[in-house]
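In full-length UniProt numbering, the protein residues as written are 1 to 226.
Hints are computed from structural coordinates only; laboratory data are not their basis. Note that this is a predicted model, so its numbers are computed, not measured. No false leads were slipped in.
Simulated pairs of lysine-lysine, DSS-like, Cα-Cα distance not exceeding 27 Å:
id, residue 1, residue 2
1, LYS178, LYS191
2, LYS212, LYS186
3, LYS8, LYS70
4, LYS106, LYS186
5, LYS70, LYS4
6, LYS152, LYS140
7, LYS19, LYS8
8, LYS178, LYS211
9, LYS152, LYS211
10, LYS30, LYS79
11, LYS212, LYS152
12, LYS8, LYS30
13, LYS212, LYS178
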Amino acid sequence: MELKAQLKAQRVQHGWTQKILAEKLNVSDKTVSSWETGRSYPDIEMLLQLSELFQISLDEFLRGDTVTIKQIDRDLKSKKVYQRALLVLLAAIIGLFIFLNLYQYKNQWVDRFNPLLTLRTGYATLPAQVTYNGGKEYKKGTAKLQVPDPYKNIWVVDSPFGDGTRLSFQGGQAPASKHYALIQHKGLYVKRLSFVSWRSIPSSYQNIMAKKYERLPDLVNEPVHH
1 MELKAQLKAQ RVQHGWTQKI LAEKLNVSDK TVSSWETGRS YPDIEMLLQL
51 SELFQISLDE FLRGDTVTIK QIDRDLKSKK VYQRALLVLL AAIIGLFIFL
101 NLYQYKNQWV DRFNPLLTLR TGYATLPAQV TYNGGKEYKK GTAKLQVPDP
151 YKNIWVVDSP FGDGTRLSFQ GGQAPASKHY ALIQHKGLYV KRLSFVSWRS
201 IPSSYQNIMA KKYERLPDLV NEPVHH
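Using the sequences and the hints, build the whole thing.
Structural data, given as structure tokens:
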């Protein structure tokens, strides 16, 4: 007997209307009607409840309806695949969160797209002269392309309390009398740089900045930011 017919037969045998059965199962009477007409069928949890209500085994309840049994089997397999995919996705999200949390201030490209970091703005003292093409001085009147070297390990003061970050970034030669920089960065990633004069720097920052550039020593195990 097909499941829809078995369901109706058992309901009638117990003297229940579709509404009464629906109330016992905490579903709507339209759902019960849909089962009995074959438009849908109960899931495995609901089938177990029905077999208990009708006091017959699940095997007896489904006996003879191979089509529905196969469909339920496919649905269970699909559900397992979905659950596994969901677990893999959840594990990947947790792993990414841990990676982004532990890998902050270690790579500018990772920091650039790290949603756990926020943009910070600070001030830095720059060297008066930059080198070109890997440490060479700028030569006037030469036709050879001269590319300014990046600023390396520049201490950027991120707050009036002295918090800061060592940053390396491209910027080119600073204009005369503007050997300071207003820097917006996200971790090690420098998003924006503007050359500024000493007078334009707030006094609260001036008090903790060096007016003349001094190369910071490369200290072993020094944290990248404070």
